[in-house]
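Since chain H is already given, all that's left is putting chain E on it; use the hints.
So the sequence lines, in the order shown, correspond to chains H and E.
Just so you know, we're using my numbering here: the first sequence kicks off at 1 and counts up by one.
Just so you know, we're using my numbering here: the second sequence kicks off at 1001 and counts up by one.
Derived from the structure by calculation, the hints contain no laboratory data.
Quick caveat, the model's predicted, so the values are computed rather than measured.
Keep in mind that the hints are not guaranteed to be accurate.
Examples of chain E residues lying across from chain H (beta carbon under 7 Å, computed) [to be verified]:
1) His1053
2) Arg1055
3) Pro1067
4) Asp1069
Heads up, the beta-carbon is just placed ideally off N, CA and C, and yes, glycines get one too.
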Amino acid sequence: MNWYRITTLLVFDLRHSLFAIKGLFFLIPFFLFWCLFLFSLKDGAASWLSGNEGMLFATWLLDFDTAKSLFLYHSPTLSLFLVLAITTMPCFVLLGANDQLASDSARGPLRFLLTRCTRNEIFLSRFLSTLALIGTAITIVTLVATCIALSTDSNSPPEIVHYGVQSGLILLVYAAPFVAFMSIISAFTSSAPGSLLAGFSLYCLLLGIIAYYHPDFPIISYLLPSATKGYLYSTDPRIFMSAAGSLLLYTLVYLLPGWLLFRRRNL
Amino acid sequence: MGELFACRHLVKRFGAIRALDKIDLTVQSGSTTGLIGPNGAGKTTLFSILCGHLRPTSGTVTVLGQPTDATAVKGRISLLPQDASLFKGTSVTSQLILFARLQGFNSTQARLEAKRVLDILEVSDLGRHPPEALSFGQRKRVMLAQALIGHPELILLDEPTSGLDPVAATEVRRLIKQLSRDRDFIISSHNLDEIEDICKAVIILNKGKVKANCLIADFTDQDNYLTITLDRPPPPDITRLFQDMQDIVRIDTDIATREKISIHFQSDYPDQLQIRILERLQRENLGVLDLRRGKALADEIINLVKRERSQN
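In isolation and in its complexed conformation, chain H is listed as follows (with noise of 0.2 Å):
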């Protein structure tokens, strides 16, 4: 592996995104869908959720001691944000992940990086950059909605600022696996709306799995990094730590497949 090239090709490769249907397709939804909603919390909104009503309205999608850490010990701009971003995050991914490699295999300009690069610098500089642009998406909204928060909030400037850190590498984390699971997905087929149809088609199927089987098999539920999810929002560090990691490997797990898919096709 050359890391010269790779991060050549990263840079390339972000560069293009921003300008092409593969990042706009993401960029444009993603943006508009947060700044529709911070906008919304400008005036303080979120803070009704540290309320009486708004736990109990929290409680009804969060067990009682994840609700009280997110909304009385925490920014509630902040971790209403975190909430929504974390639930939302799939499908976000989905759509700026479906196209790291599919539109550009099939007779396109692979073709040109092929003599130059070898597949695993190819495999491994589309699914850095393609993390590299989602990651800059989210650390933009989380500053925003870091702004927000301080601006509405009561809690003190540094804590939100502490929080929102937090927040944002929480999210970078948890889109990781979601990237590669996408890798799989752009590693076997050979255009973008291919790519993300049979991505949202694999994500719903994996879905409807867990859901049918996990009252018998609740290990199912792994299947998916989503399963981690609640443990990111935990106040104890090594709870929180094992969530990350465990993000991480499911990082490295659904790698696996796409790199070795790709190392085997016919471009």
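This is chain E only, laid out in the frame that chain H set:
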């Protein structure tokens, strides 16, 4: 003289179709090689395997002594693909700079290298445009430019002049000839005149099998044949015209192109014989439009394919 590539028992299947069928082929460096054969012969498949785009179904391939996906071979081989497209929405120069950087150039050197190859192909003014804004011929020249980045040791060109206007095609052929002095080219083309003009050696593929891998001179028997294109069909008794020339073994007229005659000779002084033949034709008021030593490559290929078909 090193080995450019070697295939051992190479098979590539697409479903039930065997695009390459147990190919054993070794090509040495030092002479520009043409890769020819009818449609579906396996030429593009072979190129794609050499560049690592396709994985062989079975068998082994080495390029410049290395497996096709080895890091050591990257940047030492380049390809002008027949039908691939560059990145859309990004200027040609940016893409050439990317390719140069991937071949180890730093940022400044890569910029200069991109300019150099665009200048060679006389398309410097197209550099700021994205590929989709260019015509087919312009894109072809840009893609040819990318194949020249970084002085690769082996350049594979798949139909390098198809779609180019005659002036550009001539210029590209001249460029290939010039560059082939210090690097190796393998050229796949249906234009057999082009192959004869540029290449010294030829590989003939048919139905996924290698039918010939030799020097063009050997294949067309250049020491014993002369192919002449006249300005009109020769008289039926043309053999009588040369009956006093003992060195001439046989004269064949081409059925498809009646103006073309093929003279089989065995002479220690072929140049003198050639002059005598031309004088004789002139005396009979037969104008000579084209003359080449050896049998016409196109005729030989057609005969080869016909023989194959009749055997099957």
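A quick look at each hint next to the structure:
1. With a least beta-carbon distance of about 5 Å to chain H, the hint placing His1053 (chain E) at the interface is held under the 7 Å criterion.
2. Using the Cβ-Cβ criterion of 7 Å, the hint placing Arg1055 (chain E) at the interface with chain H is satisfied: the shortest such distance is roughly 6 Å.
3. Because the smallest distance between the Cβ of Pro1067 (chain E) and any Cβ of chain H comes to about 10 Å, over 7 Å, the interface hint for this residue is violated.
4. Because the smallest distance between the Cβ of Asp1069 (chain E) and any Cβ of chain H comes to about 6 Å, under 7 Å, the interface hint for this residue holds.
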